[in-house]
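Participant: If you want the building blocks of each chain, they are given just below.
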Amino acid sequence: AQKVTQAQTEISVVEKEDVTLDCVYETRDTTYYLFWYKQPPSGELVFLIRRNSFDEQNEISGRYSWNFQKSTSSFNFTITASQVVDSAVYFCALSEAGGGADGLTFGKGTHLIIQP
Amino acid sequence: EAEVAQSPRYKITEKSQAVAFWCDPISGHATLYWYRQILGQGPELLVQFQDESVVDDSQLPKDRFSAERLKGVDSTLKIQPAELGDSAMYLCASSANRDSYGYTFGSGTRLTVV
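Heads up: the protein sequence lines correspond to chains A and B, in order. Residue numbers for the first sequence follow this note's numbering, beginning at 53 and rising by one. Residue numbers for the second sequence follow this note's numbering, beginning at 332 and rising by one.
Just so you know, the hints here were simulated from the structure itself, not pulled from any lab data. Heads up, the beta-carbon is just placed ideally off N, CA and C, and yes, glycines get one too. Some hints could be false.
[As the list claims (entries may be wrong)] Straight-line C-alpha distance at most 30 Å; calculated DSS-like pairs for lysine-lysine:
hint, chain 1, residue 1, chain 2, residue 2
1, B, 393, A, 122
2, B, 393, A, 160
3, B, 402, A, 160
4, A, 122, A, 55
5, A, 68, A, 90
6, B, 402, A, 55
7, B, 402, A, 68
[Said to hold, decoys possible] Some, not all, of what chain B presents toward chain A, calculated at C-beta under 7 Å:
hint, residue
8, 333
9, 372
10, 373
11, 379
12, 436
All chains should be modelled from the sequences, with the hints used to inform the complete structure.
Facilitator: Structure, rendered in structure tokens:
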């Protein structure tokens, strides 16, 4: 069965610090997708990134970067020069590609608090 | 930007009553998902539709929950009877196909059972 672990329940940093959110996953499939979502206090889930299991290139989007390492089954998310607006709950999720069912398995989330 | 519409935004119901939630996916999206998010947890998949057919409902408590997508467009999730433990956010998501870049989630329905 697939599983996503986000060991950090809550992280609090001061604005402009860099912060890394950890994500470790388990799956028996060789083809799968990994996601990160942001959930601000308003409750909606905002899509940040999707990676497939064959693409281990790290990705950078502005202040956001992602480090995917299959060897350690990790897909970590780093925010550089954090801002107060980054405060939210962040979820890592996994979708296995086999068959027709491709719903997401989410981790429990990391509550990120950016203090001014 | 296209959105997944959900209603109502908030719902308070008494236990043992029936309650229903509605979702209208992005136009043209064949795949529709219902998730339940208990406070402090990540969302959990309840049911997945491909057009009007159920693809996965293995986590749907079928003794009290039902879901339908009769014409392969909008969808309704029903709980009857509601229990206190059903208090949660119910999220709907849609995608064009399994190779879509990302699922789009609606704003959710916050259910409180009293």
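Participant: Hint by hint, note whether the structure agrees.
Facilitator: Hint-by-hint comparison with the structure:
1. Pair hint residue 393/B plus residue 122/A does not hold up; C-alpha atoms about 37 Å apart against a cutoff of 30 Å.
2. Between residue 393/B and residue 160/A the CA atoms are separated by roughly 24 Å; this keeps the pair inside 30 Å, and the hint holds.
3. Among the hinted pairs, residue 402/B with residue 160/A is inconsistent with the structure: their alpha-carbon atoms are about 34 Å apart, more than 30 Å.
4. A C-alpha spacing of about 15 Å is found between residue 122/A and residue 55/A, which places the hinted pair at or below 30 Å, so the restraint holds.
5. Note on residue 68/A and residue 90/A: the hinted pairing holds, with a Cα-Cα distance of about 19 Å set against a maximum of 30 Å.
6. Only pairs whose Cα atoms come within 30 Å are accepted, and residue 402/B paired with residue 55/A is rejected, the gap being roughly 33 Å.
7. Pair hint residue 402/B plus residue 68/A does not hold up; C-alpha atoms about 50 Å apart against a cutoff of 30 Å.
8. Nearest Cβ of chain A to the Cβ of residue 333/B: about 13 Å, over the 7 Å cut. The hint is violated.
9. Checking residue 372/B against chain A by beta carbon gives a least distance of about 6 Å; that is within 7 Å, so the hint holds.
10. Taking 7 Å as the C-beta contact cut-off toward chain A, the hint placing residue 373/B at the interface holds, the least distance being around 3 Å.
11. Look at residue 379/B: its Cβ gets to within about 5 Å of chain A, closer than 7 Å, so that hint holds up.
12. The beta carbon of residue 436/B is positioned within 7 Å of a beta carbon in chain A (closest approach about 4 Å), and the interface hint is therefore held.
Against the hints set out earlier in the document, violations occur for numbers 1, 3, 6, 7 and 8.
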